[in-house]
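**Q** The residues making up each chain are set out below.
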Amino acid sequence: MKKAEKMFMAINNVDERLIDEAKGSNEKPVLIRVEKHLPVKEIIAFAACFTVLAAGIFAAMRFRMNGAEPADSGTQISSPVIQTDTELQAILSELKPSDDIFDWFFNGVSGTGELRFYFGKDDSQGEIYHYMPVGRAPGGSIDYPQSYSEMEELIYKYFTDFSAEVFMKYVCHGTMTARPDGSYLVSVEDKHRAENNKNPLFIEADEKMYCRYWGIDELGKSLFNMAKITSQNDNAISFTYPYQDKYGNLHDKDGVIEYERDGWRLYQYMPLLDMDSYSINYSKLQVILKDLAPAETIANWFLMGNSGTGKIHKFLFPGSDTVHEYWQGVSAPDSKHKAPQTIDELKELMLEYFTQDSVDDYMKRVRKGTVMKASDGRDFVVFDVVEAPDKSPTDYPPFIEIDGNLYFWNAPQKQIGTPLYETADNIFERDDTIRFTYDRSYGDTVYNYVGGDLKFERGGWKVAARHTAWHSPNKINADIISDIGLTYSQLAEKRGELVANTHDGVLFKNGIGIYGWRSEKNGGFNGDGGLPNAGGCNIISEVKSFELLTNFMFPISIDNLCKLYGFIPVSDQTETELLDGYSASFKHRLYNNVTFTVNTGCTYGYIDEGSSWQITLNTDCIDAVPVI
Amino acid sequence: MDDNDIIRLFNERNETALSELSLKYDTYFMSVAEKIVCNHEDSKICVNDAYLKTWESIPPAKPNVLRAFVGKLVKNAAVNMLRADNAQKRGGGEFTLVLDELGEFISDGKTAEDCFEEAQITEEINKFLWKRSEFNRRVFLLRYWYCESVSEIAKELSVSEHKVSMSLYRTRLGLKAHLVKEGYTL
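Heads up: the sequence lines are chains P and X, in that order.
Residue 554 in the numbering used here is what sits at position 554 of the first sequence, and the numbering runs on without skipping anything.
Residue 1075 in the numbering used here is what sits at position 75 of the second sequence, and the numbering runs on without skipping anything.
Same shape as in the complex, but just chain X (with noise of 0.2 angstroms):
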């Protein structure tokens, strides 16, 4: 089924949505969430609890792509467990070195609660990443969306692991100088 259909069942408040939703999708949620918790079951559990808050999301939200819509909440499900669990560090694969990659990134050992906001850094890499190429913006999300590893990114992208890590190297020092240009402290 198509995806506007999948959003025309959610907005008629149809729950064939769900299933459809499932059907389409659901391989690919199950990798996502799996990236950061690093098991079958709990992933599982983070998929449906990101469908369930995509049931209660649409309406009023309008997903441009359903598919990353519903991606960001099954994240979000999958770091709030490991929160829940207190074992962030734990879940282990490339999460880990995920949240390690981007500590070292703007790091100087300072808390940021008063440093800036999710929202707005959010907007800033919007920003920063629709400027640079594709190639680059897709190692990036790729790593630290999709936490796929250097190898995995190369082979899926067909290009040396030096050439994504040159990549991701770079693309995290333009988006450090930019976000400091805009006035964020890191």
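Chain P on its own, in the form it takes in the complex (with noise of 0.2 angstroms):
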């Protein structure tokens, strides 16, 4: 028998529950989607009721959203902005079985279960713990899992595999003895607390799995029924809603929830995310890149304004030899649209993809500008000037208007559409995310470009914000390390004025982290140096991660660092010492007079955005000009 059949019929001989219910003879759980799309004909025409385009647009908006039905089971939203609280708490009601199982599992608190158990060794300390061996899900259709493998299969059931994998890590494993009262005892590996830093919300004991009881039950549709929305993106409506502690106390408390491969989900905090392990592959990211939804498209192509076939326009930039190439009248690439040569054109297409709040915050990168005629008769540019935030030239706004007319910035490289791709690599993905690096250059020098980053949103998995925002997140705070070098005056101006003189540095008003002033003395930056001395800074410590690693996603492990953020650990640390030590440096590929020291909340290989950075300028550098 040849091998396909061989499979053939040891699949054909599968578990006849499988069989039966792939043809649909269990219940489904309930899905609500969400529909991104607007019918643009239907909007325009509703729109021409009013003088002003975009205020009728963000009108027929709010009329399709009053007029769309709360989110019954299986009914679909005609929306992609959520109005009222009702739609929230609709949406929060009929959260996917999943996300009330994640809760569910996260907390331990739900159903009716009886608490049965004493917890550990605490125990004489006053300190008792109870868990729940029975309890029924939130749709009260699924028993608490009674066994490891159970738990796994349920996890499973309703995660990806890498989600399930990276969840099964926090299930600890501990061991239960019968008390005299009949109750039982569980105690709980340490390790797992020191790793985790935190206490086990799952124990196995003795093939058992029991969840943690937190003490308050919040589990559920009553936990929302309150919820009011505070703000909400294309992907995300944060809201807040009364919480009652354990004392009895009424507290605001913040909820997200959030949008992914299957619908809403309820944002959880995973703090242990193995970034090396993925599912997905480069042949299945090629597929999705290829297949993205046509805002992607459009969002790129706004951004790059170098796609399509449109006419190039040359306009002669004052102050400046240089002709700089713009696009006009360029068709975008799913042809169907023509690029907007009207501030109020661009706002229609947007609306068509994107929610309104993205869009206004959009055009506020729009950029204003006078055409004028140079005297050879060709056309030039004449910039207000609006200086970019950030002055990386890559940032530079990418649509100019000019005269009601507007005029996209055309980059230095064609890198519009998959061939941005074709080098993808470092592939990693959870539930809602697919990251991975691809090459970029820059003038001659080819970079492996972190910022592949893909979102699952309302509309299909679009290319993530930092494609299309004004200032590229995700970077090193290249402000922070061009205060290394800087005389104590000269930091004085930036920073502001001095707050306080340490053992370490100095500290401005505005200032990030300690100031420090290490001198050369027994052949390196040992000694006190905190002292403002003559010369340039050349230490800041106790940088927090989020001030120096802007818009990264923590927890980073440090293998990540170094893959996908260009840090490089220097040549004389231990693979141990890296994953295991209270600090590890590294180098960085774009700043090379400086060695950076993560000091506290490097444990076990991730940094988290409360960690602390040390910047040093390099031994070699110290009379070197400032790195920046």
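Certain hints may be false.
Short derived list, chain X residues pointing at chain P, Cβ under 7 angstroms [as the list claims (entries may be wrong)]: (1) Leu1023; (2) Ala1068; (3) Trp1130; (4) Arg1138; (5) Leu1142; (6) Tyr1144.
Everything labelled a hint here was simulated from the structure, so no lab data went into it.
Positions of the beta carbon are idealized from the N, C-alpha and C atoms, including for glycine.
Combine both chains into one complex, guided by the hints.
**A** Structure representation (structure tokens):
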């Protein structure tokens, strides 16, 4: 028998329940699907009733929203924007089973399970924890898993393999012993506590699973019946809801739901992302990239302005002999849209693909200019002087409005569409994100560029915001690094008045971290050096991760810090030191004159947003000019 | 009649069991067979053959899901018929495509008799599938058990064909990795 036939026959004999399930004999989970696209014609027709087009569109959106029915089971919501708290609550109350399951797993507080167990060795100190050996899931249809394998099965049922694998790492092993009073004692291996710096949420004891009881019945629909929207963007809704703590006090608590591949999902912080594990491969990524929703192509097209076959308009930039090229009247990649020629047209097009908030944010990037005639008859553009918040030339505004017309900045390289991702590598995937690197050239230099983030939003996979944001997020804060080498007076001018003088250095009113002047005595940076000395500052300490690595996704494994973000471990560190040490030092490909050392919060190879960094001028650069 | 009642009739050796089984599931079994043999008359033979085997199997067999239990027998009969005709590649339709897909998925050009046994692989497939999402499980079985086309599956599950293809691809890869991890040489 041939192999394929043999496999076919093996599949033929699978569990009969699976065969039956495939034909839909079981109940289906309720999915809430949100349609992202608005019918443009309707909007335009509606907007035509008003004198102002943009106002008309917005009104149309509101009209449609108000007309939308609550998200009953299976009902499709017909607008990308959730306008009312009632609509939010409808979503919350109809969250997919996986969300409830997830919360149920995490908090272990749902249902009506009895509390039967005392927790561990701390009992003697009066610290008693409870576990629910039996309880029902919020849907009332699933029991708490009673064994490790049941737990595993349930988790894999609702989440991607990757998430499930990560999740299962939370499950701690313990032992359970009977007590004379009939209750049980459960103890957990200490090393799990130490590693995770938190108490376990699940305990496996004698092959049974137990969930920690947190004392507050806050799960399920009742949790959200007072939810109020605080903000939302294309893929997330933030809200607050009343929360009663174990002392009976009421607080406002924040909640976030995010739109992921399978619908809305409660946001959960998963601190132990193993970014080396991924289940998507290069070819699958290519499929996704090629099938990106039109909105992505449009967004890319807006951003880079160098797609299509449109006519190139060359303009002489005043104050320079360089001729710059701009695109005008370019067809969008989907060939259905012409490049917008006015601000209103741009807004209209954007609203077709993005929410009002996103469009408003995006439009802030449009800069104004004026078309003028050069002596040789060529057009040139005079820009309003609006300096970009980041001075990187790659961050210049992609659009220029000139007398009501829009022009696109012509990026130095063609980076639009799938060719952008042909070199995709280092692929990492989680439920709502695919991240990868790709080669990107600046002049003659090719960098393995980090930024191939795809985010799953309401309309499907999208290029993540970093590609469309005006200031490119996810980067090292060059402003902090540029402080290295500045003298005390220069720093005071830049960072404000002195507020403290410490052993390690000085703090400025608007400074970031502690600025120090370490001398070279004893052959290095040893010795006191906090007080300002002559010359430039050569060390900045206590810089938090979120300040140095802006818009990074924390926690970051050291391995991925190097793989994805261009950090390079200093050569004399061992792998053990990097993963388990109190501190780890790096160089970075863009900043050759300094060494980055992460001091705290770096445990077991992970760096979180509160970790402290030290930026040190390399010893061989002490007399050199400032690095930036 | 309820499945349990039909099974009870089988256990009591009451021949009404066969007519009740046929009355309830004949259309379903015929569709399963036709996906493989692509011929109404042949399908009918396969289904009747399966009914006979069901009669011989219950008792002592205790089906978890009667429809699936007999469905397996129908498929076995259909595949055996193709083998007997030495025409497995001429069965046509989705069955051929399914075999091709499975062939590509595990093929290294060698025969597999000494590499794995069906029963063992089935057990591993069961383990693997129970760890997948319901959606992925259904897609996989609709394709490789029911031999439905991608477009039929997409329509049945109200999703895009692309999503179905991605799910199949991902599940095949996962299954292969799982089998390799469990020590099977594919």
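**Q** Under 7 angstroms, Cβ to Cβ, is where Ala1068/X needs to be relative to chain P, so tell me if that hint holds or is violated.
**A** holds (4 angstroms)
**Q** Should the interface hint for Leu1142/X be scored as holding, given a Cβ-Cβ cut-off of 7 angstroms against chain P?
**A** holds (5 angstroms)
**Q** Is the interface hint for Trp1130/X satisfied, with its Cβ closer than 7 angstroms to some Cβ of chain P?
**A** Where the cut-off is 7 angstroms and the nearest Cβ of chain P is about 6 angstroms from Trp1130/X, the hint holds.
**Q** Identify whether the interface hint at Tyr1144/X stands, where standing means a beta carbon of chain P within less than 7 angstroms of its own.
**A** holds (5 angstroms)
**Q** Should the interface hint for Arg1138/X be scored as holding, given a Cβ-Cβ cut-off of 7 angstroms against chain P?
**A** Hint holds; Arg1138/X Cβ to chain P Cβ min 5 angstroms, cut 7 angstroms.
**Q** Min Cβ distance, Leu1023/X to chain P: is it shorter than 7 angstroms?
**A** violated (18 angstroms)
Comparing the model with each numbered hint stated earlier shows that hint 1 is the single one that does not hold.
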